[in-house]
Amino acid sequence: MKPLATTNMGGVRVGAPTLPLPNPPAMDRAERSPARFHATKHLAAIIAIAIAAAAGAALGAGASTPSPLIYPAEKIPLAFDHAQHAKLGATCESCHQSALTSTSAGDNLIPREAACRGCHKIDRDQPAKAVPHGQGAARCDACHVAGDARWMPSEMGTLGGSPNPPAKGPAGQSPSVLARSGLAAEPPRVELARPNLKFNHKLHAMNGIGCALCHATADMSQAPVTRADLPMMATCLACHDGKRATARCSACHITEADGRLKTKLVSLATRAAGGNGPLVPSGSLRGIDDHTETFKRDHSQAGRDEKYCLTCHKRTECIDCHGGVVRPPSIHPSDYLSLHVIDARRNTPDCSACHRAQSFCVGCHQRSGVAADPEGGIPGRRPNNPFGTGTGLKMFHPPGWARDASGAVIATPRSTSHSLAAKRNLRTCVSCHREESCLTCHSADPTRGPSFSPHGPPGSFAGTARCRFLSARNQRACLKCHAPGSMELSCD
Amino acid sequence: MRGGGRLALLALVAGSSLPARPAAAYDFTIGLRTIGQGYQVRRYAADGSNELLSRRRLTQYMDLAVFDLAPARWRGDDGDRNVLYFDASLRLDSDFGGYMLGRPGGQDEIRELKQSQLDILYAFLGGRNIGGRVDFMLGRQIHFDLVDFFAYDGGNATVRITRNFSVQGYAGTEVRGDLPLSAPIYELDGTSAGSRDPATRPNQNDMLRPLVGAAIAGGSDDGPLTARLAYRRVWSATADQLPGEPSSGVNDEKLALTARAAWRNRFYAAGGVRFNLLVAQFDDQQLMAKVRTAGRQWFTAEYSFLAPTFDGDSIWNVFASGAYRDLRGVYEVGFGPEVKAYARAFARFFTASGFAGGGSMGASWRRGRGLVRADGYFDDGYGGRKLGFDASARFAPLQTFELEGRLTGYQWRSDAWPDTAGGTNLGGVVFGTQAGGRWVLGQGVRLHLLAEDNVGTYYASQFRGIAIVEVAASL
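Taken in sequence, the protein lines are chains A and B.
For any residue, its number in our numbering is found by taking its place in the first sequence, counting from 1, and adding 16.
For any residue, its number in our numbering is found by taking its place in the second sequence, counting from 1, and adding 14.
Hints are computed from structural coordinates only; laboratory data are not their basis.
Mixed in with the good hints there might be a few duds.
Quick list of simulated restraints, FRET-style, between CB atoms [to be verified]:
id: 1; chain 1: A; residue 1: H315; chain 2: B; residue 2: F369; range: 24 to 34 Å
id: 2; chain 1: A; residue 1: G404; chain 2: B; residue 2: L106; range: 34 to 44 Å
id: 3; chain 1: B; residue 1: G146; chain 2: A; residue 2: A478; range: 53 to 63 Å
id: 4; chain 1: B; residue 1: G442; chain 2: A; residue 2: A478; range: 45 to 55 Å
id: 5; chain 1: B; residue 1: R427; chain 2: A; residue 2: A478; range: 40 to 50 Å
id: 6; chain 1: A; residue 1: G408; chain 2: B; residue 2: Q129; range: 25 to 35 Å
id: 7; chain 1: A; residue 1: P473; chain 2: B; residue 2: E123; range: 35 to 45 Å
id: 8; chain 1: A; residue 1: P473; chain 2: B; residue 2: G111; range: 46 to 56 Å
id: 9; chain 1: A; residue 1: N124; chain 2: B; residue 2: G111; range: 58 to 68 Å
id: 10; chain 1: B; residue 1: D254; chain 2: A; residue 2: K280; range: 51 to 61 Å
id: 11; chain 1: B; residue 1: E123; chain 2: A; residue 2: H315; range: 27 to 37 Å
We treat Cβ as the ideally placed atom computed from N, Cα and C, and that holds for glycine.
Modelling step: build the complete structure from the supplied sequences, incorporating the hints.
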C-alpha cells in the first residue's frame, strides 16, 4: 500500500474554523424606507414566495435518513477521507478486517489505531509529529478533530494511553484549567451506541455479500461513514424477500419474549437524536402502514391484515380502543358526550368500530334519559326520561317526525319525517330504539298499529334479490312482522 | 400440507403435555392493568332539566402469556421463538356510582349496564410457523378483517401452500354477551338482549351461533400485489320453534375481497369490497391510493361506500335502505424527524340526500424528551356543525417521569331538536383542560394519572379523573 499523501488529511472540512465575516454596512433611514415600502407593496408576492419556499423546503424536507431508534446518535470526531484512501488502493478489508468475523450489530468495526500505523507513522509521544511530504500524516489532529471543541495538541506533551499521559496544555495548563477554558486535554472520543438490530457481518460475508452492496457510497465519501450512511430497510429487503433470504421481521429486528418486535427502544441517545417515540413502520414496506399523525384515525386499510399488525402489537392494544372502556382523547376530545350528537348522526368516525348500538348506545341513552323506555314502561318504575309520546312527555324529535301536531301518526312521509333520517343512517335510530319501536307502526300485524309497510311502494321489494336472499337465509326476521304461512312471505 | 398437518397435531400434543416441561427463562408474562375512572355524565331528568350523574368505573385487565412451549428444536434456522404459545386476556369491568342507580334490571337489564362483568376477551393455544407452513389458534380468539371485527370460540388454521399462497379455515361459535364470561363488544348488532316484546323473539338471543369461515390469500408482505378472499357464515337454530317456522336461520354471511399493491416504493393502493349475502348487496367498498413524494410527504385519496347492515335476525336489514359514500383526502409531511404536519378533508354523501363535509389540520413537534401537538377542525352538514381545536404537550423531565397536558375547545351546534329549551336545537361551547403524568415506579410498574375538567354551555364544571396502574412481569 502506498503511503498516503498528507494533502487535506488534516480534516479541514470537519471542524475547520470559520472566518469572521465583515459587518454589513449600516443603512440609513433613506435607504431603509424604500425597502419597507417595497415590501408592503409587494406583500402578496412576498407571501407567495414564502409559501413557495416553504413548499420547496417541504419537498426537500426529511430526505430519508435512518431512524435514530434503529441507529442511535453517535459521535465520530474523526477526519477521514474514504475516497482518498480508495484511490490509493485501500480496500474495505484493509482497515475493517474485524467486519469479516463480526457476528453482532453491536460490534465496533471502526479500525483501531494499529490499523492506521501501517501507513501513518504515529508516535504518541509526538502528537504534532511532522512527516516528509508524501507520507501519511502522523499528527494526532490530522485524524482526531473535535468539531467545535478546542483540541489543540501542538504544544502538548503526550497522550492518554501512552506511558506518559498528558499533564499540561499547550501553554502548560493543568487538565482542570484546560477543562474550564474549554480546551480538551485529550482528543474527543468516538462514542457509538449499539444499534437496535441484529446483524451478522460474518454470515453475509460468507454468503458473498460484498461490502458495497450495503455501504455503496462509503468509498466515495470524503468523510467518515456515519449513521446517515448506514443501510436502510429497503436495502435489506432487496435480498430479504422471503425467497433468497428470510423476510421475517424478527430476522433483523430485536424481539420481545413473545416473538413480537421490540418497539420501545427509547434511550437518552435516541431522544437526543429526535427519536422519542416507539419504533413504528416508516411506510417503506407497505405505504399504508406509515404511522403518521392521522394513522390513529385512519388505519382501517392497514388494519385489514391482523397478522401484520400483530408483528408489533398485542391484541389487548386493539381492545384498549375498540373495546370502548376508556375514551381515547386523540379520537374523542374532552366532553365528547356533547359532541357525539353530531358525529353519531353522520357516523363519522364509524361508531360501530368500537361500540355496539343495541347495548352500549341504548344502555347509556336509556340511563341518561334520552332513549325511550321499553314500550309500555317498566312495571313498578316511573318513566326514566322526559321524552316519549304519552301525556306530559316532551318530544325528542321535531314535529312531523312520526306524528303531526295533533298527535296523529303521519301516513305519508314528508321532508321532516323520520324515514329520511332512517335512510341516511339507521344506526342513529337504533342507538336509542329497539325493534319493538319500529314494530309499533310497521308490523304487518294489524293489532299492533297502522301496519305501514317499510318495503317501499308495492312491488319495490318483492321480487328483488334483497327479498329473496333475506327470505332464504333467515325467515325469522320476516316472522317478526308477518304470520307464518302468510302470502306476504313470498318474494315472487 | 400433510406434513404440516401432522406437525400441527404434534403441536397440540406438545401443548397438552405443558405441565411436564421444566420452566425456563421468560416462559411466562403476566400483565395487570387496573383502570379507575370517575366522571360525570349529563342526563335529562324526568322534568327535562339537565343533571349530572356520577359514574365510577373500575376495570381490571389480567393478561397471561406463556411462551416457547415447544421444544427448542422446533425453532427455525434463524432461531424463531415462540412456535407454540398460550395467550389470554381477562377483564373485569365494574360500574358503580349514581349512574347505576335506577337502571333497568331483571329481564330488562341491558348488558352494558350490568354492575360487574367478568369477560374472557381471548384465551387460546397458538402455534406459529410449525413445519414452516402452519399457524393455528385453538380457543377463544379475536380477529379483524374486512369481513368484520369478530370473536369466537373454536379453532383456526392457516396453511402456507407456497411462499405466496396460503389457505385459512376456522370454525366455532360466536362470542355473544349472553354467554357466560363473554363480552358483547364483538357480536353482531341488530338484536337486543334487553328486548321484552315477544314479537322480537328475545329467546333467540340465548341460542348458540355456530360459524365457519375460510380464506385464501396470495402475495407476500413485501410483494407488489397481495390479495385475500374471505368468507364467513354464522347461523343459529330457531328458539321455541313453532309450526311453519324455519328450523334455523343465518345471522351473518359475507364474502370479502381485499387487495393491496405497491409500486416503486412510491405508489401504494389498497382496497376491498364486501358482499353481504343476507341482503344481496356490496355493503362495504373501499379504495385508497397513497403516493409518497420526495422526502416524507404523503398524498392520500380514499373512497368508501358503506351501507349499514345488521344481524340476520333483525328487521333492520329491511329498513336500512340507505347508504353513504365518502371521499377523503390527506396530505402529510415530515420536516425531518422532529416536525410532522397534516391536512385532511372529507365529504360524505348520503344516498338518500344529504351531505356532510369538513377538514382538519395539525402539526406535531418532537424534540428530545418533549412532544407538542396542535390540531384544528371544522365540519358542517348533516348532523350539525363543529369548530374546534386541540393542543397537547408531553415532556419527560426524567427517564421515569413524564408530564402531559391538553387544552380543548370547540363550538358546536347539532341539528337534533329535543324539546327541552323552547324547541331550539342542541349546541354550545366547551372548553376542556387535562393534566396528568406517567411514572415508572419500578421495573414493569407504571402509574398514569390524568385529570380533566370541562366548562361548557350546559355545566360550570364537569370533572373526570383516570388512574391506571400497569404491572408487567416476566417469569
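These are the hints, each one checked on the structure:
At about 25 Å, the beta-carbon gap between H315/A and F369/B stays in the expected band of 24 to 34 Å. Distance hint check: the CB atoms of G404/A and L106/B are about 35 Å apart, consistent with the given range 34 to 44 Å. Separated by about 54 Å at the C-beta atoms, G146/B and A478/A satisfy the suggested range of 53 to 63 Å. The hint said 45 to 55 Å for the Cβ distance between G442/B and A478/A, and at roughly 48 Å that hint holds.
About 42 Å separates the C-beta atoms of R427/B and A478/A, a value consistent with the hinted range of 40 to 50 Å. Between G408/A and Q129/B the C-beta distance comes to about 31 Å, which sits within the given range of 25 to 35 Å. A C-beta distance of roughly 40 Å is found between P473/A and E123/B, which places it inside the suggested range of 35 to 45 Å. A C-beta distance of roughly 50 Å is found between P473/A and G111/B, which places it inside the suggested range of 46 to 56 Å.
Evaluation of the 58 to 68 Å hint for N124/A and G111/B yields a pass: the beta carbon distance comes to about 59 Å. Evaluation of the 51 to 61 Å hint for D254/B and K280/A yields a pass: the beta carbon distance comes to about 54 Å. Between E123/B and H315/A the beta carbon distance is about 35 Å. The supplied range of 27 to 37 Å therefore holds.
Of the hints listed earlier, there is not a single one the structure fails to meet.
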